[in-house]
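Listed in order, the protein sequences are those of chains A and B. For reference, each letter of the first sequence is one residue, going 1130 to 1469 in the numbering used here. For reference, each letter of the second sequence is one residue, going 106 to 380 in the numbering used here.
Treat the hints as calculated values from the structure; they're not laboratory data. Careful, some of the hints might be misleading.
As the list claims (entries may be wrong) - Computed footprint of chain B on chain A, listed as stretches where at least three residues anywhere in the stretch have a Cβ under 8 angstroms from a Cβ of chain B: (1) 1192 to 1202; (2) 1297 to 1311; (3) 1374 to 1388; (4) 1415 to 1426; (5) 1429 to 1437.
Claimed, not checked - Between beta-carbon pairs, the in silico distance windows are: (6) A:1458 to B:269: 49 to 57 angstroms; (7) B:120 to A:1375: 48 to 56 angstroms; (8) A:1381 to B:323: 51 to 59 angstroms.
Heads up, the beta-carbon is just placed ideally off N, CA and C, and yes, glycines get one too.
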Amino acid sequence: MQAKNRVDSHNFLVLLHSQPGQNELEHLGNALARPGHPHMGVCMPKSGVKVRSSNLPALFMITPVQLMVISMIFIPVLYVGWLSLNESSFGQAPLFVGLDNYINVLSDPYFWKSLSNTVIVVLVVVHLELLLGVGVAMLFASGVPARPLMLAAVLAPYAVSEISAVVMWRYLFDYDVGFGTQFLSLLGLPLLEWSINPTHGLLLIALLSIWLHLPFTFVILYAARLAIPGDLYEAASVDGATAFQKFRRITLPLLMPAMLIAMLFRYIFAFRIFSEVWLLTGGGPARQTEVLAVYLYLEAFRYNAFGKAAATGWLLVIASLLLALWYLRRLYKEMFANYA
Amino acid sequence: MPDFLRKILKAIAVCLVLFWSLVPIVLIVVSSFKADKDIFSAPPQILFAPTFDNYVALWTRWGDFFHALLNSAIITVGATVLAVLSSALAGYAYSRFRHPALAGSAFFLIFVRLIPPIVVTLPLFPAVNAMGLNDTHILLIVLYATFFVSLGTLVMRTFMDQIPRELDEAAHIDGATRLQILRKIIFPLAAQGMVAVSVFVLVFSWNEFIFAFIFTTTNAKTAPLVISEMYGAVEGVEWGVLFAASTVQLLPVLLFVILAQKHLVAGLTAGATKG
């Protein structure tokens, strides 16, 4: 049974949306909450019955998927690597320049600004999201009224497009009449001058990004929390543990694997943030709120500096893969162990 | 902590969560029925005379938007069908066959998914232009599907694993071809998984911005793009029309997510009662 329960943490919504009778959520939660349990995706049940025919049909079946991924992602990315070593623009033959593009990028103060902005936004967004996610998951686990409706409410931002979210949050923090602005002034807090002050701009970007992605983090953590056996808490109660002790000694350690997975995925996905920034501030004022993806876009499609953009792109790829190294290593080992 | 205090704190927490998730959405939807003077009145109007003016203005002055909405629908349906079918095929293969090459290809699928999408626009942009695929539906369909087949394959494999192997083996012995087994046995039994994958691809394709922004100009322009144009209009934002467009773009997919959640809620309740 356990073999089936190993699911990629990314599958969570899917499993929630399906198989109502089978209590998939609990399985998923089991997989996520068990410390040291492999929760990576493509791993086969070890006891699988061998289909007697050859493996040839399998190759045909994976062809469409592999073809798409190879032609639309893999080859283009390799080509970006090659482009990054060349000076090129539209309709112009690439000219090999070695590492010049990288030197140009790394000596561009706007690159470093966009890098530090990206790092700040990622750190703020992912950790606040995790904190909020744990909080909301705990709230749900302690029982909330009208749970189906509450769940629908918490997951609703998942359906919202980035542009609509930007419209919403910009309206909320309209400097003259926005609800958010009025709320801030009611509390006596400084107002968000997000279009003038880069720090405030990034803050609003972080806020709306958290709003958009909290459903993802929440569901992973909630599923993991549901999977913690109730008798652990009962036993702790018998021993006279306080609510805080239970959280500290039971909930937190058992939730940790799920938290790590959620955090890792959100690091990788928050790292590529583009639309929120582009639509809200366009990277301005004076290129002060640019993030890496916006920097890449501007270099390529506005300043026609294809080589520089390609170098940035290749750096993004390397950084993403480095972030994911731990996950990739586990995945690799597990997959080959299961196939051998 | 006294019991009543705990209850009050919890009520406050529940309100905060609802507030956080719903207020931005409700605000847009409600404001789309407000006249211009009510949209930016301070303090905000809770009671106001509802009007359809913004929707009329959207219809008469931004006919472009409805064309884009149609494009979004075509692209979303196309990407969903492509992603679900190809993922289901691959998911079946990964569920039923064993080979080191398959392990390698499965690993490759996930590895590639970790690459930031914007990077591929650099080489694809000239290539797409050269092939005359710029501003076409098919390009966005393939791109959106591509960025979801890795996840889709994982999900389908998980669902296929739950279908007893004995079923397809029995059919095999009875002389059914692979294709018949897939079509008559596996796909119907994995329908839940296929619905699940569609939820992901559909929500993503309907809302996607970067690729649409870079690869379309007029013909295949999608709804989020037109909304962003309204938002960035030089002569000042017409908020009422913008709210109306956002509402029209948001509501179908919001309803879809809420409907798909019924499965989720049923699963959760079952989980709670079983302990």
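Checked hints:
1. With 7 residues bearing a CB less than 8 angstroms from a CB of chain B, the region 1192 to 1202 of chain A meets the requirement of three and the coverage assertion stands.
2. As drawn, the region 1297 to 1311 of chain A meets chain B at 9 residues by the rule of a beta-carbon pair under 8 angstroms; at three or more, the given contact holds.
3. A stretch counts as covered by a chain when three or more of its residues have a beta carbon under 8 angstroms from one of that chain; for the region 1374 to 1388 of chain A and chain B the count is 0, and the coverage is violated.
4. Requiring three or more residues with a Cβ within less than 8 angstroms of a Cβ of chain B, the coverage given for the region 1415 to 1426 of chain A holds, as 3 such residues are present.
5. Evaluation of the coverage hint for the region 1429 to 1437 of chain A: fulfilled, as 3 residues show C-beta separations to chain B shorter than 8 angstroms, against a requirement of three.
6. Range check, residue 1458 of chain A to residue 269 of chain B: about 33 angstroms between beta-carbon atoms, so the 49 to 57 angstroms window is missed.
7. Separated by about 25 angstroms at the C-beta atoms, residue 120 of chain B and residue 1375 of chain A break the suggested range of 48 to 56 angstroms.
8. Under the hint 51 to 59 angstroms, the C-beta atoms of residue 1381 of chain A and residue 323 of chain B, about 54 angstroms apart, fit the expected range.
Taken one by one, the earlier hints fail for this structure at numbers 3, 6 and 7, listed in ascending order.
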